[in-house]
Amino acid sequence: MSEVALKTRAARTRAPVWLRAAVPWALAVLIILALPQLMTTSFGRTLLIEMGIAIVFAVAYNMLLGETGMLSFGHAIYFGLGGYAAVHVLRFIAAGLLLPVALLPLVGGLGGLVFGLLFGYLSTRRAGTAFAMITLGLMELVVALALIFDHLFGGEEGISGNRTSGPELFGITFGSQLHVYYLVAVWMLVSLALMRAFTRTPVGRLCNAVRDNPERVQFLGYDPSRIRLIAFAGSSFFAGVAGGLFAVNYELMAINSLGAERSALVLLMAYIGGIGSFLGPILGAVLVTFLQVALSDYTQAWLLYLGLFFVLVTLFAPNGLIGLVLMHGPIARAGLLHRLAAAYALALVPALLLAAGLIALVEINYRLAIRPELGPAMKLFGVAFDAKSATAWIVSFLLVGAGLLGLRAVAPRVAARWGETLEVARA
Amino acid sequence: MTASALELQAVHKSFGATAIIRGVDMSVGRGERHALIGPNGAGKSTLFHLITGRFPLSSGAVRLNGEDVTGLAPFEIYRRKLARSFQITNIFPRMSVYENLRCAVLWSLGHGYSFLRLIDRMPDVNERAQAVLERIGLAARRDVPAGLLAYAEQRALEIGLAIAGEPEIILLDEPTAGMSHSETEHAVELIRRVSEGRTLLIVEHDMAVVFGLADRISVLVYGEIIASDAPEKIRANRAVQEAYLGTVPA
Ligand SMILES: Nc1ncnc2c1ncn2[C@@H]1O[C@H](COP(=O)(O)OP(=O)(O)O)[C@@H](O)[C@H]1O
Ligand SMILES: [Mg+2]
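Chains as they are written, first to last, in my numbering: chain A, 1 to 427; chain B, 1 to 250.
In case anyone wonders, no lab produced these hints; they're calculated from the structure.
For glycine and all other residues, C-beta sits at the position ideal for the given N, C-alpha and C.
It is possible that part of the hints are untrue.
Per label pair, the in silico range of CB-to-CB distance [claimed, not checked]:
{"no.": "1", "chain 1": "A", "residue 1": "A334", "chain 2": "B", "residue 2": "P93", "range": "25 to 33 Å"}
{"no.": "2", "chain 1": "A", "residue 1": "P100", "chain 2": "B", "residue 2": "Q87", "range": "43 to 51 Å"}
{"no.": "3", "chain 1": "B", "residue 1": "P93", "chain 2": "A", "residue 2": "S160", "range": "32 to 40 Å"}
{"no.": "4", "chain 1": "B", "residue 1": "E134", "chain 2": "A", "residue 2": "G329", "range": "26 to 34 Å"}
{"no.": "5", "chain 1": "B", "residue 1": "E166", "chain 2": "A", "residue 2": "L337", "range": "26 to 34 Å"}
{"no.": "6", "chain 1": "B", "residue 1": "A17", "chain 2": "A", "residue 2": "R426", "range": "50 to 58 Å"}
{"no.": "7", "chain 1": "A", "residue 1": "N365", "chain 2": "B", "residue 2": "P93", "range": "41 to 49 Å"}
{"no.": "8", "chain 1": "A", "residue 1": "T129", "chain 2": "B", "residue 2": "A139", "range": "33 to 41 Å"}
{"no.": "9", "chain 1": "A", "residue 1": "L19", "chain 2": "B", "residue 2": "R117", "range": "21 to 29 Å"}
{"no.": "10", "chain 1": "A", "residue 1": "F397", "chain 2": "B", "residue 2": "P93", "range": "53 to 61 Å"}
A short list of chain A residues far from chain B (calculated; beta carbon distances all over 12 Å) [to be verified]:
{"no.": "11", "residue": "L19"}
{"no.": "12", "residue": "V114"}
{"no.": "13", "residue": "D150"}
{"no.": "14", "residue": "A197"}
{"no.": "15", "residue": "T201"}
{"no.": "16", "residue": "L220"}
{"no.": "17", "residue": "D223"}
{"no.": "18", "residue": "L229"}
{"no.": "19", "residue": "G276"}
{"no.": "20", "residue": "L287"}
{"no.": "21", "residue": "H338"}
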C-alpha cells in the first residue's frame, strides 16, 4: 500500500474515536432496555438479573486472571463477604438506618474491598502457583470461620433481609422485580465502565506488564507485589458489588455464596468466555448463567455439561469463545464471512452428531446412576427408548464416534478455508 | 574528589559452593563511558545482577553516588536513577511496543501507582514514549506486540526500556549481541547519543565497539578484575592480552 493510502486509511479509522468508543455502550444500553420487554416472565427476568450479576463478578475476576495473570481459586470470598455486608446493612435499614437500598451494592463493594486488602496483603506477595494455593487456603479458612460465627453468617440457612424496607426514593421500592433489574443494569454499566477505565490507567497497564514479565517491572521502578495488591483490591471491590447486587436480588446470603462452587464457577465463566479480552468474561458469564439457570430446569446434569463445555473450550479454543469470534474480525470487516459458510455448514454435521451422542451418554448415565427411581424408560430428542438397552448405548457411542471422525476429517478443510479467506481479507 | 557514580567494594558472589565473583573492586566515574569486557562465563552478567539487586551479594558493598545500596530491591535501585538492559531479551511480549515504553517512562515522570488518571490523557507519558520509540527506530512497529518483533527489533526495545526513564546511570549487557553489522552501527550510535551526559557501564564483545565508545575499560576474568584503565593502556596490557585480547586481533 502506498504511504498516502496508508495515511488516509489511518485518518478514516482514527477520526471518530469517541464515536467508536461510545457505540458499544449505546448498544449495551439499548439491549438492556429492550431485554425486559422481550422477556416478561419472572423466570426470564430472573435469568437476566443473574446474568447481570455474573457479568460484574466475571469481569472483576478477570482484572486478576486476564489482566494481571493471577489465578485465584477463592474469589467468591469477596463476592460473599460483600453480599453479607450488604444484607446486614439491609437489616439496619429495616431498623431505621437512613440509606437508600439502591446504594447497597456500594456497601457490598466496600465489604469486598476491606477483605480484599486484608487477604490481598497476605497473598499478593507471592505470584503463580504459590498465590493460587494461598487463595485456596484462604477460602477454606473463611468458609470454616463463617460456619463458626453463626450469628453473623446464619449457617446453611443464611441471613435474610427485606429490600422493600428502605425509604422510598423517587417511587422506587424494589417491590417489583423490574426495579431490581434496572438496579442491576445501572450498577453493571457503571462497574463495567470503571473496570474498563482502570485497564487504561498507568496501574492498569502495569498490571499487564506484571502479567507478562513481573521481574522486568522491578527494573522499571515498580514493585510487582504492590501492583498485584492494587489489582486484587480493585477486583475484590467489584466482586463485592456483585455480591451486594446478589443480596438485594435474593434478600438472602448463605454460606454457599462464598465457597468453592461459586469460586470455580467464576473461573469457568472467565475462561470459557476468554480471559484475553474485556468482552470474553462478559460472554462467558452470559453463557454459563444461561446453562446454569436454563439447563438446570431441564436436566440435573448441568454441571456435567458445564465441565464438558469447559474441557472442549480449553482443548479447541484456548483463547475462549471470544477468541473464536475475534479471529473472524478481519474477515467480517472485509465482508467475506459468506465464504466460510459452506465450510462451517460441513463441520456442523459431525459437530451435531458428537453433541447428540455426548448428551445421550450424559443423560443415560445420569438417569441410571443418580435417578434410578425414575426407571429406565426415557425420552431424548423426541425419541423414546430404554436406558438399559444395548441399542441406546451402541447408538450413543456410534454418534460420538461418527462425530469425532467426521470432525477430524473436515477440520483441516475448514482451517484451510479460514486461512485462505483471511489471506484474501488482508490483501 | 566527588564520589563515583558507581562503586563496588570487595564484592563476592557464590552459587552454592562455586565462587563466581571473587572480590571485585571497581569504580565508574560520573559521566564516564565504561566498558566491562572478559571471556564468556567470567561473571559480567552476574556482576550486573549484583549491582541492580537481582541477586543478593554474598559479601561486599555496592554504592551509588556514595550511597550504600547493598541489599536493596531492584525497584529501589532503579529509583536511584540506575536503569539496565538484559543480555537475554527481557520485555513484555504480549504488550505492544508502545505500551512497553509507556510502562518504562511512568516512574521517572513521577506518576507512581496512579490509577485515577487515564494514561492516554497524560501528555508527558505519551510524548516521552513516542520520543523513545522514534529514537530506537521502532516508530513503524508501534502497535505490534513486542513478542512478535524480529530479534534485532527486540534488542532495540530492550535498550529502549533501559533508557526510557532517562536514568543517570545506564547499564547495558551486550546490547548488540546477535545484531548484524549495520544494526550494530545503529545501536552504537544510539548508545553514544543517549549516554551523552550520563554514566554508562556496558558489557560488549565487539572490540571495535568497545574501543570506539569507552573512556575506560575493566577486564573481568574468572570473577576478578585483572585490569581497569584507559583503552590504550588496556590494549598494551600484557596480562589482558594473555587472558583475553590475545585471541582477538586488536
Ligand atoms: N543463577 C546461577 N546459578 C548458578 N550459576 C550461575 C548462575 N548464574 C550464572 N552462573 C554461572 O556463573 C558464571 C558466570 O556467568 P555470567 O555472569 O553469565 O558470565 P558472563 O556474563 O561473563 O558471560 C557461569 O559459569 C554461569 O554458569
Ligand atoms: Mg553475560
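- Message: Under the constraints set out in the numbered hints, which ones does this structure not fulfil?
- Response: Per hint list: 2, 3, 5, 10, 14, 15, 16, 17, 18, 19 violated.
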